[in-house]
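These protein sequence lines are chains A and B, in that order. Each residue of the first sequence is one higher than the one before, starting from -4 at the first, in the numbering used here. Each residue of the second sequence is one higher than the one before, starting from -4 at the first, in the numbering used here.
Think of the hints as simulated: they come from the structure by calculation, not from any bench. Hints are not guaranteed to be accurate.
Since the list can't tell identical chains apart, any single copy or any two copies may satisfy a pair.
Said to hold, decoys possible - Computed list of lysine to any residue pairs in SDA-like fashion (alpha-carbon distance at most 25 Å, straight line):
1) Lys150 - Cys239
2) Lys64 - Glu262
3) Lys64 - Asp249
4) Lys64 - Leu112
5) Lys73 - Gly132
6) Lys6 - Phe45
7) Lys64 - Val22
8) Lys150 - Met161
9) Lys64 - Ala243
10) Lys64 - Leu151
Number of protein chains: 2
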Amino acid sequence: MLAGVELGGTKCICTLGTGPDDVRAQVEIPTTSPEETLAAIADVLDGWDFQALGIASFGPLDLDRTSAKFGSILSTPKPGWSGAHLTSLANGIPFAIDSDVNGAALAEGLWGAAQGLESWAYITIGTGVGVGSISAGQILRGAGHSEAGHQRVPKLAGDLFAGCCMYHGDCVEGLASGPAIAARAGKDGRDIAPDHDAWRHAAHAIAMLCHNLVLTTLPQRILIGGGVAIGQPQLLEMVRHYLCSSLADYGQTDGVEDLIVLPGLGERAGPCGSLALASRAANWH
Amino acid sequence: MLAGVELGGTKCICTLGTGPDDVRAQVEIPTTSPEETLAAIADVLDGWDFQALGIASFGPLDLDRTSAKFGSILSTPKPGWSGAHLTSLANGIPFAIDSDVNGAALAEGLWGAAQGLESWAYITIGTGVGVGSISAGQILRGAGHSEAGHQRVPKLAGDLFAGCCMYHGDCVEGLASGPAIAARAGKDGRDIAPDHDAWRHAAHAIAMLCHNLVLTTLPQRILIGGGVAIGQPQLLEMVRHYLCSSLADYGQTDGVEDLIVLPGLGERAGPCGSLALASRAANWH
């Protein structure tokens, strides 16, 4: 039996199970202060019997096992959470920790739309834009974990929107996240018509990100999920269109229909990501 | 003893030795038709005694060992070379083949400015812009090899230069390669003053590429070499300046002085790349 914790900006999801088709228990906890939130999560885990724990968290995270800050959240605008240590949740049990999107990417490889592949990317479009990358079956690591949602890409010709990323203005996240789309349209996402130009600009930014990933991390497939992508099915087709035209047959990929797809686990990719990390910690996969 | 062949667009360099400080022989062959060129290379190799061969070539290359086209050059604008098979050069001897820039990146890890690192990138700025990526000690692979020199990045505000990449127009290569800089300035590179705006635009494009690499392939260091970068020392400082301002302290890197450096092997990184690949094939490293 495995346990997973997905730590998100507004809520944390604790899951007990062995995979998406075998979830034995799931508990949601609102994300407040780190002390209160982590104590509530620890209480839930205390009541469960499991052999490995997966922690999939918002970041940026220190994942360097030789670092004194291993397993902690680095500088984040989220009040109180900079420096919060997450590994104490494991309480001596084997564990794995990674970014929420790397977890989701792993889950898609085990149970979703990336089964049988060796290299793939998972993009989530929600309150931010996150990218998880798997290369030759392993989570792509180096100096930190992927933050490719903050890539710099060209905008559509004549676009003067300044973007809304607090660090970079008009990086991909600043152009294509839910808040960016809402800011551009001047209204809440659910009130923006599917043919509104704001979607087109967001799709273009995501397509430019995909162009760069195809030529850089060399995914066999890119899964695009998160609330915004799943709620707006027209977005994926626009991404495919812009990507095709941008790549101009460059890059060793087959057709764009198979290259750009929705995640197989849909909205469950996130919470399942924590279980996927747990299964790595348990050496199941 | 190792042998290496670096196949370039205008010349091929055959090297016999064990590393940059122990080169026993080196022969240059002009790149003409594949038949003529490969026969001349084979003649050189025939005269040498070595235990493994490294082939570092311009691309794109098919590096999928399960493919019928393994070890061949894929679609290239270079007349006659599309489909040329390179692995016959090995003639039964253990060999490794990869892109010229991946070879150079490896060489920098063994003998140059990336010694002791786990993840790094090597950028060459010459007739094109090439990027080699090493992740956790291994060449980053997936659907093909890195073609990150063709990333799409934003231009400096107001820049109307259309770029000169025959595939993508104003991708990084179309903005920052030697021919791009010459086209923008309207004169040969050696006649462009060091403070000409053309360098600034090229440095900006390279800095945007570095921004995207830092957040995506997570290099601990990025080495920037090739004839253009080595010949224009002011370029590196401009890249550092634009990168610093673009990253805005995002990304888990130390200071930009140590992040962006010249290759330790300088112009020798290319030919040494073929020896580095040979040393992998011989299981020396």
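Hints, one by one, checked against the model:
For the identical chains of this complex, Lys150 and Cys239 are neighbours both inside a copy (16 Å) and across copies (21 Å), given an alpha-carbon limit of 25 Å. In this assembly of identical chains, the alpha carbons of Lys64 and Glu262 never lie at most 25 Å apart, being 31 Å within a copy and 39 Å across copies at closest. Taking the closest pair of Cα atoms, Lys64 and Asp249 come within 25 Å of each other only across two copies (16 Å); inside a single copy the shortest separation is 42 Å, beyond that limit. Taking identical chains as interchangeable, the C-alpha atoms of Lys64 and Leu112 lie at most 25 Å apart only when they sit on different chains, with a minimum of 20 Å there against 33 Å within one chain.
For a Cα distance limit of 25 Å, the shortest separation of Lys73 from Gly132 qualifies neither inside one copy, at 32 Å, nor across copies, at 34 Å. With identical chains, the CA atoms of Lys6 and Phe45 are at most 25 Å apart within one copy only, with a shortest distance of 22 Å there and 61 Å across copies. Taking the shortest Cα distances, Lys64 and Val22 never come within 25 Å of each other, neither inside one copy (28 Å) nor across copies (51 Å). Within a single copy, Lys150 and Met161 get their C-alpha atoms as close as 18 Å, and across copies as close as 20 Å, so both meet the 25 Å cut-off.
In this homomeric assembly, Lys64 and Ala243 come within 25 Å of each other (Cα to Cα) only across copies, at 22 Å, whereas the closest approach inside a single copy is 44 Å. Taking CA atoms no more than 25 Å apart as the test, Lys64 paired with Leu151 passes in neither setting, with 41 Å inside one copy and 38 Å between copies.
Checked against the numbered hints above, the structure breaks hints 2, 5, 7, 10 and satisfies the rest.
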